[in-house]
Structure formats: structure tokens, C-alpha cells
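Engineer: Sequence:
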Amino acid sequence: MFLILSICASTLIFVIFKVVGKQNINTLQTIVFNYFTAFACGILSYEAPIVVTDVIQSKWFFGAIFLGFLFVTIFNVMALTAQRLGLSVASVASKMSVVIPIIFGLFAYNENLGLQKALGILLALVAVYLASLKAKSNEKFSIKSLWLPLLLFLGSGTIDTTIKYVETTFVPENGIPIFSASIFLIAGLIGIGMLSAKAIQKQFTFDPKSLISGFILGIVNYYSIYTLLKALNADNFESSTIFTVNNVSIVMLSTLLGLLFFKERLLLKNWIGIGVAVIAILLVTSA
Numbered sequence: 001m002f003l004i005l006s007i008c009a010s011t012l013i014f015v016i017f018k019v020v021g022k023q024n025i026n027t028l029q030t031i032v033f034n035y036f037t038a039f040a041c042g043i044l045s046y047e048a049p050i051v052v053t054d055v056i057q058s059k060w061f062f063g064a065i066f067l068g069f070l071f072v073t074i075f076n077v078m079a080l081t082a083q084r085l086g087l088s089v090a091s092v093a094s095k096m097s098v099v100i101p102i103i104f105g106l107f108a109y110n111e112n113l114g115l116q117k118a119l120g121i122l123l124a125l126v127a128v129y130l131a132s133l134k135a136k137s138n139e140k141f142s143i144k145s146l147w148l149p150l151l152l153f154l155g156s157g158t159i160d161t162t163i164k165y166v167e168t169t170f171v172p173e174n175g176i177p178i179f180s181a182s183i184f185l186i187a188g189l190i191g192i193g194m195l196s197a198k199a200i201q202k203q204f205t206f207d208p209k210s211l212i213s214g215f216i217l218g219i220v221n222y223y224s225i226y227t228l229l230k231a232l233n234a235d236n237f238e239s240s241t242i243f244t245v246n247n248v249s250i251v252m253l254s255t256l257l258g259l260l261f262f263k264e265r266l267l268l269k270n271w272i273g274i275g276v277a278v279i280a281i282l283l284v285t286s287a
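According to the UniProt record's numbering, numbering within the sequence shown proceeds without interruption in unit steps and concludes at 287.
Simulated from the structure, these hints should not be mistaken for laboratory data. Take the hints with a grain of salt, since some may be wrong.
[What the hints assert, rightly or not] Here are the computed lysine-lysine pairs in the DSBU-like style, where the Cα-Cα straight-line distance is at most 35 Å:
1. 18 x 209
2. 209 x 230
3. 22 x 198
4. 202 x 230
5. 18 x 269
6. 59 x 202
7. 59 x 263
8. 269 x 202
9. 18 x 198
10. 230 x 18
11. 59 x 230
12. 22 x 263
13. 230 x 269
14. 202 x 18
15. 22 x 230
16. 209 x 198
17. 263 x 18
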């Protein structure tokens, strides 16, 4: 159930960004306000008394700082990749990064990799690639531009791996809300720094609509992380299974929603990718 909720919430994030772009709402301001809304959700969901010194002294706090920095940095790398090389390159680079937490899980947690699961993971990567391909565009690709998708690939994989490691090693079961809230607060403070820099350079104009979009995005964003952490905390599934099903399902569902609500045209290879994704999920979850 938590995995299904995480998939739905993560897919809804892409839908919100699509709407934000169509309505010409300031994306960066939406992102910053989203982080503070997500922080508030975490605080409200935490049932124990909040003692700031205890939070700072928690074993997971430095992991939260690292993740907060990554959240903001990798989002900007994703934006640059999409702008310079196209959405398909950005999508493939971010979702193919699922191999990093899977490999980490195999070695760090002694997770099993049978022939069936290995085949499912390979098919999942093929599915992500096929589902993300779009019609040829005029964007120019060069060897020099490889650093962007490579950085996005490594950054996205590092985020998933760090979340899993910190959550299982340092975060108590009732500590997920405050852990998530801390990540979002740190990311929000870094975002404020970015907006302040723009204001100093006289490149800042407040967009009131970004408050509303940031509020909606923040609620969805918080629960996408919260439900993923709860899913990773389940005993009946290994992290390699969770990450594979999560990433492939998000690509598959967002592709279908793009077709239904945004009139995006799917190529034959996209439909093949969705079919391969279904097979991959069945193989991985039944292994």
C-alpha cells in the first residue's frame, strides 16, 4: 500500500510541474515554497515533542543535511539537462539511476539476486529507456554535454541510496516524519539562499501564484518521500524490488497520464516500453 501511494504521489509531482509550466508559474519559487510546506507536513505528522537540540544531535542529522543539499542541486541539474539536451535525456538519466541503490543493496544488505530478478531489473532499465524516448528533436547532443546526464544519473542514484541507508541505519520507525521534515527544511533554506542571490542581482520578481502551486506540491512531495520510506521499511520486500517497481511504475504511469491529460503523442517504442515495464514488475515482485 505504501509503495502504491509513493508511486501515485511521485507521478503527481510530474503532473504538477507540467501544470506549473503551462500556467507560466515561477518554477524556482514553487520549489522553494514547496520545501517549507513539506517541512510543515513533517512537523504536523510527528507525534513526539520536538526538541531542536535532540534533532541536531540525532545520528541521522548529517545525512539530512547531505540530502537537503542534494535535493536542490540535483533538481537544478535536472532542469539544465532538460533545457540543453531534452526531456527524454533527463528522464532516462534520472530513472536509470535505479541501478545504484540496487547494487548498493546487494552488497550492503546481502539482498538476493536470482536469475529471475536480474532479468526483471534489466528489463526495467530497457522499459525506462523505451518509455522515455520521444520523437526526434532539434536539440544538439555532444560529448561535451555528457557531464550533465552523468551528474544527474549519479546524483539521483545517490539520493535514493542515501535515503535507504540513513533510514534503515539511523532513523527509528516513529522518526520518519521529523527526518523527512529536516531534509525539506534544509533544502528550503538553501532555496532561500538561491532566491536571495537572484534578488541581489535584481533578477527576482515575486510570483503570488507560486505560493499556491508550492503549497500543493509540498503536500504531495512530503508524502511521496514519507510513503517511500515506509515502503522501504517493510520486511516483505527487498530494497532492490522496491526501487525497481517504484521507478518503472512512475515512468509508466506518467507516460500514460501525459497521453490522457496533456495530449502527448506516444510512439510505438513508448507502448513497447510500457509493456516491457509490466513484465519487469511481474518478474521482480514474484522473484
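Engineer: It remains to establish, for every hint, whether it holds in the given structure.
Structural biologist: Hint by hint, here is what the structure shows:
1. 18 x 209: 15 Å, holds
2. 209 x 230: 32 Å, holds
3. 22 x 198: Answer holds: residue 22 to residue 198 is near 23 Å, not above 35 Å.
4. 202 x 230: The given pair, whose Cα atoms are some 43 Å apart, is violated under the 35 Å limit.
5. 18 x 269: 22 Å, holds
6. 59 x 202: Roughly 40 Å between the alpha carbons, so the hint for residue 59 and residue 202 is violated.
7. 59 x 263: Given pair residue 59, residue 263 is violated - Cα atoms ~47 Å apart, limit 35 Å.
8. 269 x 202: 45 Å, violated
9. 18 x 198: Holds, at about 24 Å.
10. 230 x 18: With a Cα-Cα distance of about 27 Å, the restraint between residue 230 and residue 18 holds, given a limit of 35 Å.
11. 59 x 230: OK: residue 59 and residue 230 at ~19 Å, within 35 Å.
12. 22 x 263: This hinted pair holds, its Cα atoms lying about 13 Å apart.
13. 230 x 269: Holds - the C-alpha atoms of residue 269 and residue 230 are around 34 Å apart, at most 35 Å.
14. 202 x 18: 27 Å, holds
15. 22 x 230: Since the Cα atoms of residue 22 and residue 230 sit roughly 33 Å apart, the hinted pair holds (cutoff 35 Å).
16. 209 x 198: Holds - the C-alpha atoms of residue 198 and residue 209 are around 19 Å apart, at most 35 Å.
17. 263 x 18: 12 Å, holds
Checked against the numbered hints above, the structure violates hints 4, 6, 7 and 8; every other hint is satisfied.
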